[in-house]
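Chemist: In case you want the letters, here they are:
2 protein chains.
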Amino acid sequence: MNRLGIIDIGSNSVRLVIVDVDNEGYFSIINEFKETVRLGDTDKNSVLKPERVQKALYTLQTFKTICEAVRADRIICVATAAVRKAPNQQEFVDTVRKNTGIDVDVLQGSKEAIFAYYGVIHSMNEKKGLIMDIGGGSTELVHFEDHMVKNSISLPFGSIDLAKKFDVSGSVSYENAQKLKEFLFAQFDNVPWLKKLKDLPLIGVGGTIRTIGKIDKKFRQYPLNLAHNYKIHSQNVHNIYSIVKEKPAEKRTKIKGLSKDRTDIFFGACAAVWHLLEYCSIKNVIVSGSGIREGLIYDFIEKNHRPIENVLDFSIENIMAKFKVDKQHAYQVLKLSSSMYSQLGDLLKIPKSAENVLKTAAMLHDSGINISYYDHNSHSFYMILNSGINGLTHREIVMSAFAASLHRHKKLKLDWKEYSQILSKDDADSIIKISLLLRLSESFDTCMDNFIEDVTCEFDNEKAVINLIAPKKPNVEINRALYAADVFEKLTNRKLVIQ
Amino acid sequence: MNRLGIIDIGSNSVRLVIVDVDNEGYFSIINEFKETVRLGDTDKNSVLKPERVQKALYTLQTFKTICEAVRADRIICVATAAVRKAPNQQEFVDTVRKNTGIDVDVLQGSKEAIFAYYGVIHSMNEKKGLIMDIGGGSTELVHFEDHMVKNSISLPFGSIDLAKKFDVSGSVSYENAQKLKEFLFAQFDNVPWLKKLKDLPLIGVGGTIRTIGKIDKKFRQYPLNLAHNYKIHSQNVHNIYSIVKEKPAEKRTKIKGLSKDRTDIFFGACAAVWHLLEYCSIKNVIVSGSGIREGLIYDFIEKNHRPIENVLDFSIENIMAKFKVDKQHAYQVLKLSSSMYSQLGDLLKIPKSAENVLKTAAMLHDSGINISYYDHNSHSFYMILNSGINGLTHREIVMSAFAASLHRHKKLKLDWKEYSQILSKDDADSIIKISLLLRLSESFDTCMDNFIEDVTCEFDNEKAVINLIAPKKPNVEINRALYAADVFEKLTNRKLVIQ
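Read top to bottom, the protein sequences are chains A and B. Numbering follows my numbering, in which position 451 of the first sequence is assigned residue number 451; successive positions increment by one, without gaps. Numbering follows my numbering, in which position 106 of the second sequence is assigned residue number 106; successive positions increment by one, without gaps.
Same shape as in the complex, but just chain A (with noise of 0.2 angstroms):
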C-alpha cells in the first residue's frame, strides 16, 4: 500500500489530501486539511506578499508533520496560478524546500488544465464537454471530445483577481457588473475555439460551480446531499447570479449554500461562469466535486498501477476493495442478472439504459454487511447513496440503492416520494423489477458456490420458463428461488417455472 500526502498550493487556499492507494491500485481518502492562505492576494505585479508567502510557510509546515505522523511514504506538492504568475516564484520554491523539505512542482497552466481534465474524466461518464476549471488566479479551460482533449487554455484570472479589479467583493455596481461581463467577453474572443463549440455540457470544476450547485439544492430542496454530477440548468445559473448581483453585500450571507468565507470572492467568478455560459450558448452545466487533486491521484494510479478504463467499473470495484464485499458472490449475482435482464428484456420491460443501474446494485447489493449484518439491505442503501459512485447520474444512484435495498424484501413496495424530482413512476417500476432478478439471481447462488453455470429463459402468453445450468439438480436454489414467484407473476402476469 501507497499513502500519498498531496499538496495543493492554490491561490486562495492550501490543502492536503491524504490518500492510501492500495497494491491494485484502489484508493480512499482518508484525511484533507484546507488553509485559507490567499497567496494570489499579491502586490500590482504579481509578487507575492511576504506575510502571505509566511502563513503559506506555516501551513506547509503544519502539513508536513501531519504527512510524518501519519507515515505518509510521499508527498506530492504542486503550485498553481498564484506561484506560477509571481517574478519571486523561484526564491517561494527555493524558501518552501529550505523550511520544509517539501519540493513544490509549479505547474504551467497546460499541465493544470490536464490535471483538473484527469479528474474529471475519471469520474464521470461524459463523452464530451468543455471543462471550466475557476481557480483564485487562473481559470482553466478543456475542450474534450471521446476521451481526447481537444483543445485547452489557461486564462490569467481567476476569482480573487475579479472580485479586486473590478470591486465587486462587496456590493455590486450596474458599471462594475458591465465592464466585467465586457472584460470576460473579450478573454473568451481571444480563444479562437470557443466560438466554435456546440451542444456541449459545461463541466464545472472548483469551489464556485460547487457553490452554485449548493445554492440551487438549496432553491429546488434537492434530496440528494451529493455534489458531483449535479446537473443545474444554465438559466438557474443566470438567477443565481442576479439575485447575488442585487443584493447588498451584507445580505449575501443570508444566501444558504455560500459559505461566509467565500462571499468576497463569489460574485466574479459567479459572473465568470454564467458569461461563459452566454457567450458558448450552453444550456447545461454539471457541477465536478472532482478536479485537479482528484486528477493528481488518477495520475499515480495510472503511472504506477493500472489504467482505468471504465469510470463506473473502476469506482465500484474501489468500493468493493473498501467494504470487503465477496467478489465471487457479486460478479455470480451479476453474471446471472445480466443474463436474465436480456432474455427477459420484452417481457419485464426494464430499459437497456437500466444496465449500469443493475451492475451497480448487483455488485453492490451486500455492500451493507460491512456496517453490520443485520438490515444489511438497508445499510447497502446508505453505502450505495454516499460512498461517492463514480459514472452514474444521480437518477441511477437513486435507482442502484433502491434496487439493491429490496433484493431481501419479500413483498416488493417502494416509497419513492422522497425522491420524485429525481425518480419517475417508470424509474420505480424499473427498481422493482432490477430488484426481483437480483433476488433471483441470490437465489441461484445460495451456497455461494458459483454452482450455477448458466441460466436460460423463454416464455410464452402464460408463463416464464427459466432453466438453470449446473452439475447437479440444484433443489435448493430452487426452492429458494420460487419465494419470488409470487411477485414474478403478479409483475409479468406469467407463471413462474424453474427447472
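Calculated from the structure, these hints are not laboratory results. Where hints are given, some of them may not hold.
Copies of the same chain look alike in the list, so a pair counts if it works inside one copy or between any two.
[Unchecked claim] BS3-like, lysine-lysine: derived pairs with alpha carbons at most 27 angstroms apart:
hint	residue 1	residue 2
1	K198	K490
2	K128	K303
3	K256	K417
4	K417	K214
5	K324	K214
6	K217	K417
7	K260	K214
8	K247	K260
9	K55	K165
10	K463	K254
11	K218	K417
12	K98	K472
13	K127	K181
14	K260	K49
15	K128	K165
16	K335	K324
17	K473	K34
18	K473	K111
19	K251	K490
20	K335	K44
21	K55	K472
22	K413	K34
23	K98	K349
24	K335	K349
25	K359	K214
The model shown is predicted, which means the values in this text are computed figures rather than measured ones.
Add chain B to chain A, keeping to what the hints say.
Modeler: Just chain B now, kept in the frame of chain A:
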C-alpha cells in the same frame, strides 16, 4: 483469521451464522441462513418425525456446502430441546454425521442456559437480571448478579409445545388461555428460587421477545430500528398478550411486527412471557438480540483469543477494527476530551452518567470516513446508530451518534425532534457540550501526532483557561481550537483562553 460456521439446530428453525474472528478476537458476522424445519413437531413420545429429520438433513447438507464455499475453517454445531428430548437422539446424530460429516453437540438444558447467558452478558451492561430464552421446545431461565450465574433451569416447554398442547395456534378460547396460565404457574412453582427474585429486569432472548419488541415499537412509532436492548414496560407486554388473545386467528396476520411464519406459535410463547412477568412481579423487559449463537461466538473468542472484560470497550474496539479507524488519533481525542470533561465538569454541567457517550463518540467520531471522507461526520452518525454497539442504552447510542456527527460543525445546532421519544432537552444540551469537547480535542490533535501530552483546565466567573502541555509551543493546535471560542462562550458564559 478464523472463519467459523455456527449451526444451531433448534426446535423451530435450523440456522447457520458465518462469522469472521480476527487474530485479536474481534469478530463480524458476514452471513446468516435460516430454514424453518420444525424438528420440535414430534410425535407424542417426543420421537423426531422422519419427514422433519429429512428436512433437517437436507438443510444441514446445504449449510455444509455453504461453509465449504466460503472456506469456513471450522463448524460448530449444536442441537437443543427437540433433539435433546428425542428418544431417537443418537440415531439423529449418527445420521447427520454419516450424511454431512457434521458433528452435532446436543446441549444439555443447563448448557443451553449458559450459552444464552454468555450471549446476554457480553452484549449488555446489566448488572443483574432474569434471562428468559424461549425456544421452540424449551425455555431457559437464568438468574444472574454481578457477572455470576445464581440459578438456572431449562423448562421442558417452548413455543411449539405450548401452541399444540393448549390448542392456541389459531383463535384462543377463554378456557384454553386459562389452562395455559395454570400450567405455566405450576411450572414456575416448581422452581423454588423464582419466587424469591426481586427488582430484576426480565432479559428476553429469542424470536418471541424480539417479536413483542417489534409490535411494541410499531405501536409507539419508535424512531429507532434497533432490536437489541429495547426496553418494554410489562404493562405493554400485557396489552400485546391481550390483543393477540382477543383477535381471531385470521386477523392476527394484520398485527404489524408479527411475521407470518410465527402467527401460530406466538400466542403460547407470549403468554409464557406475560405470566412470568406476572408471577415474579417484574416491571421491565429488555430485549436481547444476542442469544445462544452469539454466546457460542463469545465462548470461542474467550477460549481462543481474549477475555471480554468490558462490554462497551470490546464492542467499540470491534467496530474500530472493522471500520479501520485511526486508533492512535481516536485514543488521543478520548484522552483529551475525558480530561477536559472531568476538569470542566462543574462549568459544563454534563452529567457524570454521560461518560460512555463521550467515550463512544470520541472513539468513533471518524468511523464514517470508511464510507466516504466527504461529509464523514454524517456517516459517523449512521455508523454509530447502525453498527450494533453493545453496552449502551438506545438513548446513549443516539446521544453518541449526534455528538460524533456534530464534531465538525461550526455552529452547534441539533435537530433532535425525530428522537424526542428517546432524548430529553437536557440530553440535547449534553450532546452539544460533548461535541464541543470533541471539537477542541480534535483541534489539539490537528497533526494527528499526539503532540499534546495533556491538558489542565481552570475557570473563574469570567474565563476558562485550557493549558496545553506539549514539548513545543502548539501554535497550530491553539489556532484551530480557537475557532470554537464563540461556541464555548455561548455555552458557558466564559471567555475561552488556550495557552
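Chemist: Now tell me if each hint is right for this structure.
Modeler: Here is what the structure says about each hint:
With identical chains, the CA atoms of K198 and K490 are never at most 27 angstroms apart, being 47 angstroms at best within one copy and 55 angstroms at best between copies. Taking CA atoms no more than 27 angstroms apart as the test, K128 paired with K303 passes inside one copy only; the shortest distance there is 24 angstroms, against 61 angstroms between copies. Taking the shortest alpha-carbon separations for K256 and K417, both the intra-copy value of 24 angstroms and the inter-copy value of 22 angstroms come in at or below 27 angstroms. Taking the closest pair of Cα atoms, K417 and K214 come within 27 angstroms of each other both inside a single copy (22 angstroms) and across two copies (25 angstroms).
For the identical chains of this complex, K324 and K214 are neighbours neither inside a copy (32 angstroms) nor across copies (31 angstroms), given an alpha-carbon limit of 27 angstroms. Within a single copy, K217 and K417 get their C-alpha atoms as close as 17 angstroms, and across copies as close as 24 angstroms, so both meet the 27 angstroms cut-off. Taking CA atoms no more than 27 angstroms apart as the test, K260 paired with K214 passes inside one copy only; the shortest distance there is 14 angstroms, against 46 angstroms between copies. In this assembly of identical chains, the alpha carbons of K247 and K260 lie at most 27 angstroms apart only when taken from the same copy (15 angstroms versus 61 angstroms across copies).
In this assembly of identical chains, K55 and K165 lie within 27 angstroms of each other by CA distance solely inside one copy; the values are 24 angstroms within and 82 angstroms between copies. In this homomeric assembly, K463 and K254 never come within 27 angstroms of each other (Cα to Cα): the closest approach is 61 angstroms inside a single copy and 31 angstroms across copies. When the C-alpha separation of K218 and K417 is checked against a cutoff of 27 angstroms, the pair qualifies both within a copy, at 18 angstroms, and between copies, at 21 angstroms. Within a single copy, K98 and K472 get their C-alpha atoms only as close as 71 angstroms, which misses the 27 angstroms cut-off; across copies the closest is 21 angstroms, which meets it.
Proximity of K127 and K181 under a CA criterion of 27 angstroms is satisfied in neither setting, with 30 angstroms inside one chain copy and 73 angstroms between copies. Only within a single protomer do K260 and K49 lie at most 27 angstroms apart by alpha-carbon distance; the minimum there is 24 angstroms, versus 74 angstroms between protomers. In this homomeric assembly, K128 and K165 never come within 27 angstroms of each other (Cα to Cα): the closest approach is 33 angstroms inside a single copy and 73 angstroms across copies. Taking the shortest alpha-carbon separations for K335 and K324, only the intra-copy value of 20 angstroms comes in at or below 27 angstroms, while the best inter-copy value is 31 angstroms.
For the identical chains of this complex, K473 and K34 are inter-copy neighbours only, at 21 angstroms across copies versus 60 angstroms inside a copy, given an alpha-carbon limit of 27 angstroms. With identical chains, the CA atoms of K473 and K111 are never at most 27 angstroms apart, being 60 angstroms at best within one copy and 39 angstroms at best between copies. In the homo-oligomer, the alpha carbons of K251 and K490 lie at most 27 angstroms apart only across protomers (24 angstroms), although the nearest pairing inside one protomer, at 56 angstroms, exceeds that limit. In this homomeric assembly, K335 and K44 never come within 27 angstroms of each other (Cα to Cα): the closest approach is 63 angstroms inside a single copy and 49 angstroms across copies.
Taking the closest pair of Cα atoms, K55 and K472 come within 27 angstroms of each other only across two copies (19 angstroms); inside a single copy the shortest separation is 71 angstroms, beyond that limit. Within a single copy, K413 and K34 get their C-alpha atoms only as close as 44 angstroms, which misses the 27 angstroms cut-off; across copies the closest is 23 angstroms, which meets it. Proximity of K98 and K349 under a CA criterion of 27 angstroms is satisfied in neither setting, with 66 angstroms inside one chain copy and 49 angstroms between copies. Taking the shortest alpha-carbon separations for K335 and K349, only the intra-copy value of 19 angstroms comes in at or below 27 angstroms, while the best inter-copy value is 58 angstroms.
Proximity of K359 to K214 under the C-alpha cut-off of 27 angstroms is found in neither arrangement, the shortest distances being 29 angstroms within a copy and 34 angstroms between copies.
Comparing the model with each earlier hint shows violations of hints 1, 5, 10, 13, 15, 18, 20, 23 and 25; every other hint is respected.
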